[in-house]
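Enquirer: Produce the complete structure using the sequences and hints provided.
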Amino acid sequence: MKAALLLLMVAAIPAGAQADSQWVLEQSTLSYHMSHPMHEVDGVSHAAKGKGVCHDGQCDFLIAAPVRTFDSGDTNRDLHMLETTKGAQFPMVVVKTHFPASELNDSTLYADLEVQFAGQTARYQHVAFQRSGQGKDVRITGTMPATCSDFKIERPTFLTVPIKNEIPVKVEMTWRNAE
Amino acid sequence: MRRTTALLALSLFLPLGFSEIAGKVAAAQAPEATGSVSGAVTDASGTPVPHAVVVLKTAAGEGVATAESDAAGKFALTHLRPGEYDLTVSGAGFAEKKVHVIVTGTPGLLDVALSPQSQPPANPSAPSLSDLGFSSQQTQADPKLQALLQKRTEMLRMHQRLGLITTIPMVATLFTGGEAKVEREGEGTATPNTRKVNDTNLNLHTALGAVTGAMYGMTASYAIRAPRVPGSHKHGAIRFHEALAWVHGPGMLATGVLGIMAYKQESSGEHVHGIASAHGPVAVITTLAYGTSMIAVSWPIHVKFWEKKQ
Numbered sequence: 108m109k110a111a112l113l114l115l116m117v118a119a120i121p122a123g124a125q126a127d128s129q130w131v132l133e134q135s136t137l138s139y140h141m142s143h144p145m146h147e148v149d150g151v152s153h154a155a156k157g158k159g160v161c162h163d164g165q166c167d168f169l170i171a172a173p174v175r176t177f178d179s180g181d182t183n184r185d186l187h188m189l190e191t192t193k194g195a196q197f198p199m200v201v202v203k204t205h206f207p208a209s210e211l212n213d214s215t216l217y218a219d220l221e222v223q224f225a226g227q228t229a230r231y232q233h234v235a236f237q238r239s240g241q242g243k244d245v246r247i248t249g250t251m252p253a254t255c256s257d258f259k260i261e262r263p264t265f266l267t268v269p270i271k272n273e274i275p276v277k278v279e280m281t282w283r284n285a286e
Numbered sequence: 598m599r600r601t602t603a604l605l606a607l608s609l610f611l612p613l614g615f616s617e618i619a620g621k622v623a624a625a626q627a628p629e630a631t632g633s634v635s636g637a638v639t640d641a642s643g644t645p646v647p648h649a650v651v652v653l654k655t656a657a658g659e660g661v662a663t664a665e666s667d668a669a670g671k672f673a674l675t676h677l678r679p680g681e682y683d684l685t686v687s688g689a690g691f692a693e694k695k696v697h698v699i700v701t702g703t704p705g706l707l708d709v710a711l712s713p714q715s716q717p718p719a720n721p722s723a724p725s726l727s728d729l730g731f732s733s734q735q736t737q738a739d740p741k742l743q744a745l746l747q748k749r750t751e752m753l754r755m756h757q758r759l760g761l762i763t764t765i766p767m768v769a770t771l772f773t774g775g776e777a778k779v780e781r782e783g784e785g786t787a788t789p790n791t792r793k794v795n796d797t798n799l800n801l802h803t804a805l806g807a808v809t810g811a812m813y814g815m816t817a818s819y820a821i822r823a824p825r826v827p828g829s830h831k832h833g834a835i836r837f838h839e840a841l842a843w844v845h846g847p848g849m850l851a852t853g854v855l856g857i858m859a860y861k862q863e864s865s866g867e868h869v870h871g872i873a874s875a876h877g878p879v880a881v882i883t884t885l886a887y888g889t890s891m892i893a894v895s896w897p898i899h900v901k902f903w904e905k906k907q
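Listed in order, the protein sequences are those of chains A and B. If you read the first sequence in our numbering, its first letter stands for residue 108, the second for the next number, and so on. If you read the second sequence in our numbering, its first letter stands for residue 598, the second for the next number, and so on.
Careful: at least some of the hints might be erroneous.
[Stated by the list, open to error] Pairs of lysine to any residue, SDA-like flavour, derived with a Cα cap of 20 Å:
#1 K259/A <-> K654/B
#2 K156/A <-> D728/B
#3 K259/A <-> E659/B
#4 K654/B <-> M199/A
#5 K654/B <-> S256/A
#6 K741/B <-> T191/A
#7 K259/A <-> T685/B
#8 K156/A <-> F731/B
#9 K259/A <-> T655/B
#10 K156/A <-> S722/B
#11 K694/B <-> R230/A
#12 K831/B <-> S179/A
#13 K831/B <-> G180/A
#14 K741/B <-> T176/A
#15 K271/A <-> S895/B
I should point out that these hints are in silico values taken from the structure, not numbers from a laboratory.
Expert: Encoded structure:
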């Protein structure tokens with residue numbers, strides 16, 4: 108009798124609610140790459156925070172990092188980057204994504220990204236991320252194909268030669284299922 | 598040598614932007630009246646829309662300020678320069694709305710009603726920036742810091758350009774140093790006298806040295822007067838660049854003083870002697886330190902920059 112009651116209760120739970128989950132960003136490395144004929148520079152931040160919520164078969168993830176935490180190995184260059192990207196006026200880089208919860212188990216995850224940076228919002232469609240899981244932790248890696256012009260950033264110059272427009276952002280994240 | 602030649606060639610074109618940069622610095626320093634835009638974001642029925650992103654842009658599309666609506670749908674954009682802007686409001690599940698606004702010196706109120714988006718609405722429990730636990734100090738805009746950074750960048754840009762231009766008279770002074778002598782009657786014979794025949798080379802060298810000293814002083818002043826950014830700790834190549842200034846700075850002063858002594862001795866018919874004879878070696882060391890400091894601030898140089906990338 109008790110077993111039958113339990114079965115009824117489980118059956119009454121909506122299918123979507125069973126997939127509800129919350130995710131917390133445990134570790135992350137975000138690095139932008141800047142290219143100039145005389146320079147190849149990577150600016151790295153480990154200060155990103157993130158949260159993901161899956162509800163009713165849909166997932167919403169949010170990742171944010173203070174612009175000031177990106178370190179390229181030289182204070183002068185980082186402060187110039189902060190000025191060029193209006194990092195004091197718009198101190199956070201924020202990435203939002205929304206995708207079906209069913210994709211969470213795929214080895215390659217395709218996400219539409221909305222990136223807020225330097226006072227601009229850019230959208231990137233169908234960006235591929237590699238997923239590998241171990242226990243409650245899921246590791247996500249990929250590259251966002253950002254450009255200076257996407258965010259109306261005036262390209263910095265060195266010896267009057269500007270950097271390349273492409274500033275791809277490499278992402279390495281470890282997410283933990285909080286439920 | 599080829600690199601030096603390239604730097605000299607590039608620096609010839611740099612003065613073209615001086616007046617423009619000076620104008621920007623002056624604009625950054627001038628105080629201006631500021632206005633604000635605040636209001637509420639709601640849906641079509643008047644229900645507040647939290648976490649809507651409000652972005653203010655110029656007509657050229659340049660971002661000026663951004664805000665996120667709170668739980669009551671309220672937002673505020675402050676410290677705005679008076680003028681005409683485009684205000685864009687976007688919220689999850691709503692179509693983006695664009696409003697043309699005019700900011701004056703007084704606070705402005707603007708309520709924005711969003712229409713539903715045609716595609717399925719986003720998860721109502723989607724996380725927002727406030728859920729991530731960043732401090733308000735990290736997430737709030739700091740227009741004063743932005744103005745400080747802008748002023749710093751403009752001053753260091755002038756420092757960089759003047760520094761490159763200074764290499765022209767500096768190298769020329771170095772090259773003319775060997776011939777900076779007074780030719781006299783009977784020179785090289787057993788009975789020389791002190792009557793000058795030609796002192797053009799000496800005067801040219803002296804004039805180039807004076808120009809170098811003046812330009813070096815201007816270059817240094819821009820670096821010294823550039824504002825410091827609170828909370829930034831120097832690391833990387835900039836430290837080596839600054840350390841070398843303690844070599845070429847005193848070296849430049851010493852070169853000038855020793856040069857004056859050497860000039861007086863040469864002009865009075867004496868051979869350059871004593872401490873003044875160190876003028877040349879000190880000048881060479883100073884120039885080397887100066888050149889190294891320019892390379893240091895450009896480090897790391899991509900060693901294969903001449904290769905074309907795929």
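Enquirer: Against the 20 Å threshold, does the CA-CA distance of K156/A and D728/B hold or violate the hint?
Expert: holds (10 Å)
Enquirer: Assess, step by step, whether the Cα of K654/B is no farther than 20 Å from the Cα of M199/A, and give holds or violated.
Expert: Distance ~17 Å between K654/B and M199/A Cα, so the pair holds.
Enquirer: Quick one, are K259/A and T655/B close enough, alpha carbons at most 20 Å?
Expert: Roughly 12 Å between the alpha carbons, so the hint for K259/A and T655/B holds.
Enquirer: Would you check the hint for K259/A and E659/B, treating anything up to 20 Å between C-alpha atoms as holding?
Expert: holds (7 Å)
Enquirer: Measure nothing beyond the straight line between the CA atoms of K259/A and T685/B; if it is 20 Å or shorter, mark the hint as holding.
Expert: holds (16 Å)
Enquirer: Against the 20 Å threshold, does the CA-CA distance of K831/B and S179/A hold or violate the hint?
Expert: holds (12 Å)
Enquirer: Do the alpha carbons of K156/A and F731/B lie within 20 Å of each other, as the hint requires?
Expert: holds (8 Å)
Enquirer: Is K694/B within 20 Å of R230/A, Cα to Cα?
Expert: holds (16 Å)
Enquirer: Need the status of pair K741/B, T191/A: alpha-carbon distance at most 20 Å?
Expert: holds (15 Å)
Enquirer: Does K259/A pair with K654/B here, judged by a C-alpha cut-off of 20 Å?
Expert: Roughly 11 Å between the alpha carbons, so the hint for K259/A and K654/B holds.
Enquirer: Can you confirm whether the C-alpha distance between K271/A and S895/B stays at or below 20 Å?
Expert: Given that 20 Å is the threshold and the Cα spacing comes to 17 Å, the pair holds.
Enquirer: Quickly compare the C-alpha distance for K831/B and G180/A to 20 Å and report which way the hint goes.
Expert: holds (10 Å)
Going down the numbered hints, you'll see the structure goes against none, and every one checks out.
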